[in-house]
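**Q** Residue strings, one per chain:
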Amino acid sequence: MRYELDVNGHRQAVDAPTDMPLLWVLRDLLGLTGTKYGCGVAQCGACTILLDGQPVRSCQFPMEQYAGQKVATVEGLSPDRSHVLQQAWIAEQVPQCGYCQSGMLMAAAALLREIPKPTDAQIGAAMTNLCRCGTLPRVRRAIRRAAGMVAG
Amino acid sequence: MSFPLSRRSLFTAAGAGLTLGLLPGGLMAVAAPGQGATVHNWLHVGPDGTITLFSNAQEMGQGGFSGVAQLLANELCVPWDRVAVKTAPLIDAMGMAGGRSHWTGGSSSIRSQWDKLRYAGAAAREMLVTAGARMLGVSVAECRAVNGHIEHRSDGRRVAYGAVADMASRLPVPANPVPLARTDWSLVGQPLLRKDIAEKVDGSAIYATDVRLPGLLSATVMQCPVFGGRLVSVDPSPAMSVPGVRRVVPVMSVSIPIPGSEQPLIVNDAVAVIADHWWAARQGLMALSPVWDFQGKDGLDTDGMIAAIQARLNDVGSIRKAAQEDEGVIRTRHATAMAGAARTVRCDYHVPALAHAQMEPMSAVADLSAGKAVAWTGSQFATSVRHILCGLTGLAEDKVTVHTLPSGGGFGRRYLNDYVAYACFLSKQAGAPVKLIYSREEDLAQGRYRPATACRLTAGLDQNGLPVAIHTHTAPASGQVWIAIAPPGTEAQPDHQPSYYLPAPLATMAEAGLPIPNGPWRAPGSTQGAFFFECFVDEMAQAAGQDPVTYRRRLLASNPRALRVLEAAVTASDWGRDLPPGTGRGIAIWNSFQSIAAQVVQVQVAQNRVRVEKVWCAFDCGTIVNPDSVRAQGEGSILMALSASLAEKVLLESGAVSSRNFDQYTLLRMEQMPVIEVILVESPDAPVGGAGEPMTPPLPPALANAIFAATGRRLRSLPLSDHGLTVA
Ligand code: FES
Ligand code: FES
Numbered sequence: 001m002r003y004e005l006d007v008n009g010h011r012q013a014v015d016a017p018t019d020m021p022l023l024w025v026l027r028d029l030l031g032l033t034g035t036k037y038g039c040g041v042a043q044c045g046a047c048t049i050l051l052d053g054q055p056v057r058s059c060q061f062p063m064e065q066y067a068g069q070k071v072a073t074v075e076g077l078s079p080d081r082s083h084v085l086q087q088a089w090i091a092e093q094v095p096q097c098g099y100c101q102s103g104m105l106m107a108a109a110a111l112l113r114e115i116p117k118p119t120d121a122q123i124g125a126a127m128t129n130l131c132r133c134g135t136l137p138r139v140r141r142a143i144r145r146a147a148g149m150v151a152g
Numbered sequence: 001m002s003f004p005l006s007r008r009s010l011f012t013a014a015g016a017g018l019t020l021g022l023l024p025g026g027l028m029a030v031a032a033p034g035q036g037a038t039v040h041n042w043l044h045v046g047p048d049g050t051i052t053l054f055s056n057a058q059e060m061g062q063g064g065f066s067g068v069a070q071l072l073a074n075e076l077c078v079p080w081d082r083v084a085v086k087t088a089p090l091i092d093a094m095g096m097a098g099g100r101s102h103w104t105g106g107s108s109s110i111r112s113q114w115d116k117l118r119y120a121g122a123a124a125r126e127m128l129v130t131a132g133a134r135m136l137g138v139s140v141a142e143c144r145a146v147n148g149h150i151e152h153r154s155d156g157r158r159v160a161y162g163a164v165a166d167m168a169s170r171l172p173v174p175a176n177p178v179p180l181a182r183t184d185w186s187l188v189g190q191p192l193l194r195k196d197i198a199e200k201v202d203g204s205a206i207y208a209t210d211v212r213l214p215g216l217l218s219a220t221v222m223q224c225p226v227f228g229g230r231l232v233s234v235d236p237s238p239a240m241s242v243p244g245v246r247r248v249v250p251v252m253s254v255s256i257p258i259p260g261s262e263q264p265l266i267v268n269d270a271v272a273v274i275a276d277h278w279w280a281a282r283q284g285l286m287a288l289s290p291v292w293d294f295q296g297k298d299g300l301d302t303d304g305m306i307a308a309i310q311a312r313l314n315d316v317g318s319i320r321k322a323a324q325e326d327e328g329v330i331r332t333r334h335a336t337a338m339a340g341a342a343r344t345v346r347c348d349y350h351v352p353a354l355a356h357a358q359m360e361p362m363s364a365v366a367d368l369s370a371g372k373a374v375a376w377t378g379s380q381f382a383t384s385v386r387h388i389l390c391g392l393t394g395l396a397e398d399k400v401t402v403h404t405l406p407s408g409g410g411f412g413r414r415y416l417n418d419y420v421a422y423a424c425f426l427s428k429q430a431g432a433p434v435k436l437i438y439s440r441e442e443d444l445a446q447g448r449y450r451p452a453t454a455c456r457l458t459a460g461l462d463q464n465g466l467p468v469a470i471h472t473h474t475a476p477a478s479g480q481v482w483i484a485i486a487p488p489g490t491e492a493q494p495d496h497q498p499s500y501y502l503p504a505p506l507a508t509m510a511e512a513g514l515p516i517p518n519g520p521w522r523a524p525g526s527t528q529g530a531f532f533f534e535c536f537v538d539e540m541a542q543a544a545g546q547d548p549v550t551y552r553r554r555l556l557a558s559n560p561r562a563l564r565v566l567e568a569a570v571t572a573s574d575w576g577r578d579l580p581p582g583t584g585r586g587i588a589i590w591n592s593f594q595s596i597a598a599q600v601v602q603v604q605v606a607q608n609r610v611r612v613e614k615v616w617c618a619f620d621c622g623t624i625v626n627p628d629s630v631r632a633q634g635e636g637s638i639l640m641a642l643s644a645s646l647a648e649k650v651l652l653e654s655g656a657v658s659s660r661n662f663d664q665y666t667l668l669r670m671e672q673m674p675v676i677e678v679i680l681v682e683s684p685d686a687p688v689g690g691a692g693e694p695m696t697p698p699l700p701p702a703l704a705n706a707i708f709a710a711t712g713r714r715l716r717s718l719p720l721s722d723h724g725l726t727v728a
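Chains as they are written, first to last, in the UniProt record's numbering: chain A, 1 to 152; chain B, 1 to 728.
These aren't lab readings, by the way, just hints derived from the structure by calculation. Please read all numbers here as calculations on a predicted model, not as lab measurements. Heads up, a few of these hints could be off.
To be verified - Computed spacing ranges between beta-carbons, pair by pair:
no.	chain 1	residue 1	chain 2	residue 2	range
1	A	Glu114	B	Arg212	30 to 36 Å
2	B	Ser241	A	Glu114	41 to 47 Å
3	B	Gly189	A	Val150	23 to 29 Å
4	A	Val150	B	Lys86	33 to 39 Å
What the hints assert, rightly or not - According to the in silico footprint, chain A covers these stretches of chain B (three or more CB under 8 Å from chain A):
no.	stretch
5	206–217
6	405–413
7	661–670
Here a beta-carbon is modelled for each residue, glycine too, at the ideal position from N, C-alpha and C.
In isolation and in its complexed conformation, chain B is listed as follows:
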């Protein structure tokens, strides 16, 4: 159900007590319907002292669901073990950041809601303290909030929050609540146990694949294997003879109107089978021989894809610039500086398409039977799920229901709701609730891939080997990938870009426009950009005759914050120490999501066998809410990037993906895993940065640089398996 905006019904729903919301620019209690109020976040203090926090971060493993609550609980001064966390209702008022939309991504749950959550918590705390002071018969100034109680500062008398929650709820909401001073934080910065972990050790966590409902049918789907192909016909009879199969649904030319948008959601042509259980649906689907029209798009293979992006390296491309900047001025400045260079360095790179390969295949449950419109998904974009339900049923937003569940990994893939559209469409067709699960083969063959990207980097160096001009030219298979370097004098920290401020930069891009669907893949753009640029920095260092760390120190002279992160990695790894023969180290640094990550990788290489021994990762996200969660994201980001660098590569044959299961799309195993050390650096005065993605980009270039140090071989493309290297 969607939460009604009435305060009274909220109390009915949640029990008596204090419930609070936050308005942009001010605070007030939850408004009645029709007042147009935008309420931004919620908490509930029950008369029994229970505290429920509503988190609007969808949990896909990153810890954001619990992290949002930890920030709120800190401001409320409540004991963590008394806090329960629930998923926020899908109301505009509780949209992500300052918007109305519910989505989770961009490492933004904490950083974009930092103030919102603190002010909401502070307002509630002040109301509770005011009520507590009244009950104690003293002035507010004599009281403070401690561990779920209001305490008299000098005589130590206490009342519990629960005892005054009702009274507090009748007080005016403070107009200017004051968040706690950093020195008064009790929970932020602590490695608290995440609220979502316990249910993940006994199988009780419910993902979309696990939802059970009366009369629930199971479905699976096969889209045209060639991207952009159409379904001509399908003979359902081979599937219908599989016991348990209920029906075969051809999906042809389906588009779903999206409320508030000119663009309908186009659903790829597909064949679906609906059955009593998933195994029957899968067997039925495998028995079918659909007739597809590939629309002439079945010519592309893996090598052709790489050749197509490499061909774009010679294009002029479009330029990246601010609206007020003049393209001619930028190009002239760059060309002039380049002409004055003592020497130039130029290298070409490329990286393959990658699949998200999250462990839970795409799955969703929908019930559009008998006038209902309900979906259960682990989508990163719940508002779009609602739009799909509205579009398919014609119902108003408040008549459809979206249940957001934890997902078995997102990494950006679940921002795209293709699977939700199928589940909803199939439920409508069947007139029954339907659970759709992609087979792993379908999941990997119908991804929204990190686009394969080629890159040409050209630098002009002065006599000291320092850059006087840089040209970055990127060529993604589809979508946008830029390396836009900040020139000296830029005030902001670079973001999603190299950590350096460098002179006379020119950024161009030529998209190859290949018909391969793309989407955000953990640290979008940065996993390609960091590999290209940080490998290139090592080439510039070599041209300058300098050690990679010494050279980066010089490039970072004007960015003390990034330099400090680099030094933390250098110190922890004891960079420069003597290493055994065949052993080498590489370093890389990258700014993304307002955070900075520097990594040192140590490898041992013998006869084309690479052992990745250790990764040191220094990380500065400004302020840390949960250091253990941040470390976990560091471990996860590093291993995902390492896995991608070793042997991951989406393979295409005749326009279709041929790497369709984990035997062809291989992921890192425990035996290949290095020791990982995460070093946390804080910058209390900096804006709060993200943590779920920014430790991903530095790994691939640091690894390639380490292999160069160990072997003298420059790897200008990934994965390592393309170079005959195996990882033990």
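One chain only, chain A, in its complex shape:
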């Protein structure tokens, strides 16, 4: 099937099987490999993107559900790592292996859009992504930094 998508502000046309999850459309058909496959069953969050501003685990839903919507991936956060979250992520030296971090950043972006100054409990409730390297303390610190809640 041929679909129209808005990815990071660019209109794209793509030929994809109707049951193909958006994750694989992004990675294998559009070459946007920043979004990662971790589990395929909505458990890990590595594939998190924003769909019309809402965080979505892109491994989950088939392509046909996404047609015509606005998709934002980690590549679209900024052209030069200048997004406040990316800056906070570098300042706190958050990533270890880095594989989960695209999903972390997108989940964090959705959280701050919803709650500009989240409490730790709100951060914990929103950030259900898995990180095997154990960067979660720094993820939380970086979100607080990006929200202007700790000295930079």
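Starting from the known structure of chain A, fit chain B with the ligands onto it as the hints suggest.
**A** Frame of chain A, contents of chain B with the ligands only:
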């Protein structure tokens, strides 16, 4: 491409400037081919002042890639922001430590290369200073290296490294370069920004799963779910009707000859599907119904596995001893001391099999089409990747190419190259470049697991409750797990073992030999050993009627370095302060990778709900290169060990793993996370220790000891979920 050993072509490759390598036992510039020189590490100073350091540590999150460069840059006296770091070429000369092989693991990138990197940097610095002195028209003694420049000590005139790099490259390499005195270090000990972080915040870091090539096909694989089973047949047609599927490849009785080894690499029987993209490959594979012959190995389940290792607790087992020691003497000494004990304490423990569950499933890209032999992997063992390419193609080592990429987590799993073998085999079969990605289900079902292990510990105590003899008996499902205690008078620090020197130790092991593949899992052996032994120390303390810290202080009286680490954790946590009801603290200490870690865990328990409130971790790795990286490894190690302790357990049903995704193999989430405080202790005169693993082992026993303190319940097995405890 593999780097040619010719100095001239290196200059062509890297631009003019100074390029240097290190020989064991001395230094020299890069030798021409055929001279048999072993060049050990590289750096390049360009005429424009750019500095490129080549790191031979594969980056899997631990920070070693950048850490190796930080150590080199310190010795070179260059500003960190001017340094670029690249992956070292796969040449013998740049193998890990003193060897020719390229691998990353054992928390060894820094500790095993400490001298090599410092001498290489010092030699280059001395050559640059000599050249700079000539340019300034002064003697070498009047100059020093500062921040990428050669500076006249008294008049302050400077020349940049780049300006003299060419001249320096023509100088003889100093025979005895002198590394900087500790007081002159500018970069070691600083929390510098890691070189690999920025590309991980915008999706631009390329892992094996992300490699793109013209004509690249995607593949996925299903091995026989029962370990050791064989493929009988598979009907490809259901997969072939999935749009995008190119072919179904049965993998039957494949073995790959490994150059220089008698043993070929045996590839497990499997079915693979190759397609235009991964989703089609996955859909195609799921449509298949392969016929397997389980070879009668489909009887084992989780409880059977635990029962099998527990049964081995009654075996005599084999003894751990040095070659010159006599088994009879050791056993007699132990039995005699035990017979004289005022009382004995005995406890049985067990822990489950664990999966690595690194976030990037096993993945590799290979191109064996049209006479090519190229692989892109995040393997921890690049030399073995090369062997696989050579074995499958018959090509010589210098005709195959290995690209080492960052990986989405290793923890020991990527030391085993099963997935690389499939990628290479499939590319050869398809005659096209192939990217293989295991599904998460395949990744968790075909792990190289931390073996489930049982343990029986027996101590004889004197009237004061102190041990006079200890017997450790371990029973891993497969592989080797020992607890070998150092007796008093041992000169070396204990390593991968309890921190104490204890009398009349006896270490035995009885491996159950279950057909479950095992492999190194962050701090191999130590995550089991520390849980058993440090829980047992608390039982001995209780038998002696003493506080766990007081008791450990007495056991550590003859190990002042470890005692200092224990005290750092005790002080930071203010051990002994009054705690609210339902709250308890536990402590544990362990030596591994030439480092020492002591942890205090504080928990609150109410109605079987455990809240892990805080973890204090005191850590001594001798000398610290990057304190922020070490703290990050502390946080990561603690959370991985905590996650494992809460609910991780590989489940087996009918000989196959049934915990095949994160809904059944559950990892720690942010809401369950404690506050973590890492306290860094330095021992400048001690050998440099590792940092990526040694903060893992103390957590599980400190946690179990804390739960005892809070509830009076002794947990002699993990995970907590087996005891009806949930963690909020
Ligand atoms: S890959 Fe989508 S949640 Fe894990
Ligand atoms: S940084 Fe490695 S999984 Fe999160």
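**Q** Hint by hint, note whether the structure agrees.
**A** A quick look at each hint next to the structure:
1. Between Glu114 (chain A) and Arg212 (chain B) the Cβ separation comes to about 34 Å, which falls inside the hinted range of 30 to 36 Å.
2. The given range of 41 to 47 Å is respected by Ser241 (chain B) and Glu114 (chain A), whose C-beta atoms sit roughly 44 Å from each other.
3. For Gly189 (chain B) and Val150 (chain A), the Cβ-Cβ distance of about 25 Å falls inside the hinted range of 23 to 29 Å, so the restraint holds.
4. Roughly 34 Å separates the CB atoms of Val150 (chain A) and Lys86 (chain B), a value that falls within the hinted 33 to 39 Å.
5. Counting residues of the stretch 206–217 of chain B whose CB falls under 8 Å from any CB of chain A gives 5; the rule of at least 3 is met.
6. For the stretch 405–413 of chain B, the assignment as covered by chain A holds, since 6 residues bring a beta-carbon within under 8 Å of that chain's beta-carbons and 3 suffice.
7. Under a criterion of three residues with beta carbons nearer than 8 Å to beta carbons of chain A, the stated coverage of the stretch 661–670 of chain B is upheld, 7 such residues being counted.
Checked against the numbered hints above, the structure violates none of them.
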